[in-house]
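Those protein sequence lines, which keep their order, are chains A, B and C.
Under my numbering, the first residue of the first sequence is numbered -15, with each subsequent residue one higher.
Under my numbering, the first residue of the second sequence is numbered -15, with each subsequent residue one higher.
Under my numbering, the first residue of the third sequence is numbered -15, with each subsequent residue one higher.
No wet-lab data here; the hints were simulated from the structure.
Treat the hints with care, as some may be off.
If several chains are the same, the list does not tell them apart, and a pair holds so long as it fits within one copy or across any two.
Unchecked claim - When the alpha-carbon atoms are kept at most 30 Å apart in a straight line, the in silico DSS-like pairs for lysine-lysine are as follows: (1) 15 with 286; (2) 15 with 304; (3) 115 with 183; (4) 249 with 176; (5) 249 with 286; (6) 282 with 314; (7) 282 with 176; (8) 35 with 15; (9) 176 with 15; (10) 304 with 325; (11) 176 with 35; (12) 304 with 35; (13) 35 with 325; (14) 249 with 183; (15) 282 with 115; (16) 115 with 304; (17) 15 with 183; (18) 286 with 304; (19) 314 with 325; (20) 286 with 176; (21) 314 with 304; (22) 35 with 318; (23) 183 with 35; (24) 183 with 286; (25) 15 with 282.
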Amino acid sequence: MSRDSQTGYRLGEIVERFGGELIGDANIVIKQVAPLSTAQPEHISFLANTKYRHQMQTCRAGALIIAVAERDATTLPRILSNNPYAYFAKVSALLNPRHTEEPGIHPTSVIDVGTTIPDSAKVGAFAFVGKSARIGERAVIGVGCYVGDGVEIGEDSLLYPHVTVYHDCVIGSRVVLHSGSVIGADGFGLAKEDGRWIKVPQIGRVIIADDVEIGANTTVDRGALDDTIIEEGVKLDNQIQIAHNVHIGAHTAMAGCVGVAGSAKIGRHCTVGGAAMILGHLEIADHVNISTGTLITKSIVKPGEYTSVMPFSAHQDWLKNAAHLRHLDKMAEKLAELERKISELERNKP
Amino acid sequence: MSRDSQTGYRLGEIVERFGGELIGDANIVIKQVAPLSTAQPEHISFLANTKYRHQMQTCRAGALIIAVAERDATTLPRILSNNPYAYFAKVSALLNPRHTEEPGIHPTSVIDVGTTIPDSAKVGAFAFVGKSARIGERAVIGVGCYVGDGVEIGEDSLLYPHVTVYHDCVIGSRVVLHSGSVIGADGFGLAKEDGRWIKVPQIGRVIIADDVEIGANTTVDRGALDDTIIEEGVKLDNQIQIAHNVHIGAHTAMAGCVGVAGSAKIGRHCTVGGAAMILGHLEIADHVNISTGTLITKSIVKPGEYTSVMPFSAHQDWLKNAAHLRHLDKMAEKLAELERKISELERNKP
Amino acid sequence: MSRDSQTGYRLGEIVERFGGELIGDANIVIKQVAPLSTAQPEHISFLANTKYRHQMQTCRAGALIIAVAERDATTLPRILSNNPYAYFAKVSALLNPRHTEEPGIHPTSVIDVGTTIPDSAKVGAFAFVGKSARIGERAVIGVGCYVGDGVEIGEDSLLYPHVTVYHDCVIGSRVVLHSGSVIGADGFGLAKEDGRWIKVPQIGRVIIADDVEIGANTTVDRGALDDTIIEEGVKLDNQIQIAHNVHIGAHTAMAGCVGVAGSAKIGRHCTVGGAAMILGHLEIADHVNISTGTLITKSIVKPGEYTSVMPFSAHQDWLKNAAHLRHLDKMAEKLAELERKISELERNKP
């Protein structure tokens, strides 16, 4: 774990900032967050999942953040909140502010013509910023990043090392792009003629709105004709593939290894479980939750949870079972035949 | 969308180059391609999917590229083609030629001993080219690329920024490698002894033939003993994993997130849908189409389409259903027993 | 294939080093390993899979490594071993030693304050090593790598070009990280409040023990509060996603495209097939083997093999079948009804 913050905050200060009801000594100083199981007196911990409630009994934390309903479940100093996990997130952000980068342009970086870097921004070693790019105040272009010609990067955005942004893409404010992410590579547009593939030039861009975070090695392709669009507050985990002309609605979150095929339109406030796949040209309504490993093959018009998981079993059991998986139609036919026969037998009953 | 090309082309010029029948004024000047829904008079659009035919009614494009059968479906100036999408691809390539890179070696790049860069080629900032590499005429090594010792890169090939090519790999002509792709990392070769893994040195190479395109963050491993081979005209989308000693036949295309395990041999003119997986040591015939999300566990000897998708449903419906998925063998047994009983009942019929 | 090693080794020397029984001339000189099908007299080949036994008949290799049971299956010079593949791996490593990098710090690299690079280590061109990092003897930091502040890298570890290690992560000795791998990016920790995501700071680290190898473009996220831990001897293939706070036991191996969700605890000596997915907060026992493409949704307490694969079929067959996949509950109900009716019929038998 990283070192504790130097000075810490009093519980009283924390409640003043973030609200909630404090039970216990307002002068207790908290220096860091920690899990229930390892927290020490200078730490604050939280209970968001009642499954871990028993850990509160032996917990040595200086204070806890818990749900209002858990008020009497501990004698430790505690902050009651309607949303303990979100409260905890804010306290942790207070104690672990984003590392402040000293602004400045590293002498090894290359800034092409027509691009001005604000004094408040930072460009790391070996970073390359192309022609006529626009870089916002306090933006950080990490070590070895590539920012193509005409790219726009908003205020306070952070590109970790080794991010690639192809030409003309637009990145909003307070966006975080993790290492290895590639924004704006060509979409997979191919026409077939005489058994050979002809490339369809990909002349759209990627537009990423404010407050988006994109994980390590995630790829977002530029549009074929129109743009690929990621609305505000979208959170994408690692190793996700977003194809050309996809549109992702605001505040949707996708876990690792998800794939979204071309021109799919995903609603707002959706969640997509890890390794789920969404076919192209579909529409997914707002507030849809797609389970891990689920393949979405048709548009979804109603909010709710959708699943297509094949349950696992011990291999020997699976072997016995799998043979039938390919012959359900035969099974259904047999069943229909038996129904017919039984009806007949019943009709002939003495 | 990117800016329109400066001068444009007359419809007459386009038909002269690419054939097809022109209906309408040959002097209309086209500056860019655009979708039916947003095209303006200086744009040319296309109809390849009859699903979008209704959009032609309100389309404001200067001209359309349509199938011969659609000849009378619009009054707009139009080019009739047997393959409108391929025709459109060529027109778009004409209007959107690949950005011409000024040749030259960026002063920050490092070229190791024994390597000569042709005057017509370009090496970007922070690019590294190893010992005794061979770089073709007009090849472009993008910003921050790594080209290992002994690598060969053919004429007119384009490595976008942050491509990695390990030592001794061979890249053909007119190949495009997108950012974050890694060519020639070690295959996953391990022998087990006393519960520990011993690495099997991977001494093969990757050989990529002409006119191949490889997407962002795709990985192609070098062979264990022999080489991994990607034949001409193959197109790989993003985030694909090609294991050691795989052989992909000419003009096969794979969508994003596909995985191909070691020593699989894929035929020519195949298509592989997104996130499909192909097990190792299999052979797939020419002209096989594998559906999205399908796991191929056995060799395929006949052309055609193959699928193993579990259909998704609302989570509650899936829950009711999933319990049975693991017990199909029991269901089959019950069915057999009922058949037996019914036969007996029928035999005993009065 | 790469060139043969210059001088080679006599069969006698090989058996002296690695044991086994030699049948044939101890003075035969072996310069390289090769497959049975293409081996020449200066090569040694092996048979680990009896499926390839017929290839021994026409094999031109100078010698073979075979199982004791195959003693009389060939007349070629041969080494008998209880584990021919592991034996072969060692011989290949002898003939193909890791390329020795000349130590030294490339003049284009940047080493930040407080970091000392041992004379025996190598730092490649455009590599960046942050503040107060600790780099072990003979470690190699490849071209364009990023090693964050406070990172520790053990002796003899090898970072191929374009590896990213975020701040404070710990990499053991003899670790190999392939190009494009990203170690220590933020885990996907989000709390929801009023329909918006609040980032939970990820303050843990990644700890990678000795003798781990991590494939190209694989990502291992830093822990949320505690650390993400990869124990010794673990082997991860390409394009794998390891989420925050995952713990992988020693000597476990995972094939390409696997995903492991947050806080999953995987045992020792497990194998995970390609594209398998493991949900978060699960525990997997030691010696568990998970099949390719399998989704693990519950903890596994017993060693053994586990599978959840949907078998593929020709698309037309699948279409007929798939309709029933979603209605197994209906099928089960029908079956139960028929059973009831038959019982009744049997009871009423004359």
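A quick look at each hint next to the structure:
no.: 1; hint: 15 with 286; result: neither (45 Å within a copy, 42 Å between copies)
no.: 2; hint: 15 with 304; result: neither (56 Å within a copy, 48 Å between copies)
no.: 3; hint: 115 with 183; result: within (26 Å within a copy, 33 Å between copies)
no.: 4; hint: 249 with 176; result: both (25 Å within a copy, 22 Å between copies)
no.: 5; hint: 249 with 286; result: within (14 Å within a copy, 35 Å between copies)
no.: 6; hint: 282 with 314; result: both (26 Å within a copy, 22 Å between copies)
no.: 7; hint: 282 with 176; result: both (25 Å within a copy, 28 Å between copies)
no.: 8; hint: 35 with 15; result: within (26 Å within a copy, 61 Å between copies)
no.: 9; hint: 176 with 15; result: between (62 Å within a copy, 24 Å between copies)
no.: 10; hint: 304 with 325; result: both (28 Å within a copy, 23 Å between copies)
no.: 11; hint: 176 with 35; result: between (55 Å within a copy, 19 Å between copies)
no.: 12; hint: 304 with 35; result: between (36 Å within a copy, 26 Å between copies)
no.: 13; hint: 35 with 325; result: neither (52 Å within a copy, 46 Å between copies)
no.: 14; hint: 249 with 183; result: both (24 Å within a copy, 25 Å between copies)
no.: 15; hint: 282 with 115; result: neither (42 Å within a copy, 51 Å between copies)
no.: 16; hint: 115 with 304; result: neither (62 Å within a copy, 56 Å between copies)
no.: 17; hint: 15 with 183; result: between (56 Å within a copy, 19 Å between copies)
no.: 18; hint: 286 with 304; result: between (37 Å within a copy, 19 Å between copies)
no.: 19; hint: 314 with 325; result: both (17 Å within a copy, 19 Å between copies)
no.: 20; hint: 286 with 176; result: between (36 Å within a copy, 21 Å between copies)
no.: 21; hint: 314 with 304; result: both (17 Å within a copy, 9 Å between copies)
no.: 22; hint: 35 with 318; result: neither (46 Å within a copy, 39 Å between copies)
no.: 23; hint: 183 with 35; result: between (53 Å within a copy, 23 Å between copies)
no.: 24; hint: 183 with 286; result: between (37 Å within a copy, 28 Å between copies)
no.: 25; hint: 15 with 282; result: neither (50 Å within a copy, 36 Å between copies)
In summary, the structure is inconsistent with hints 1, 2, 13, 15, 16, 22 and 25 from the numbered list given earlier, while agreeing with the others.
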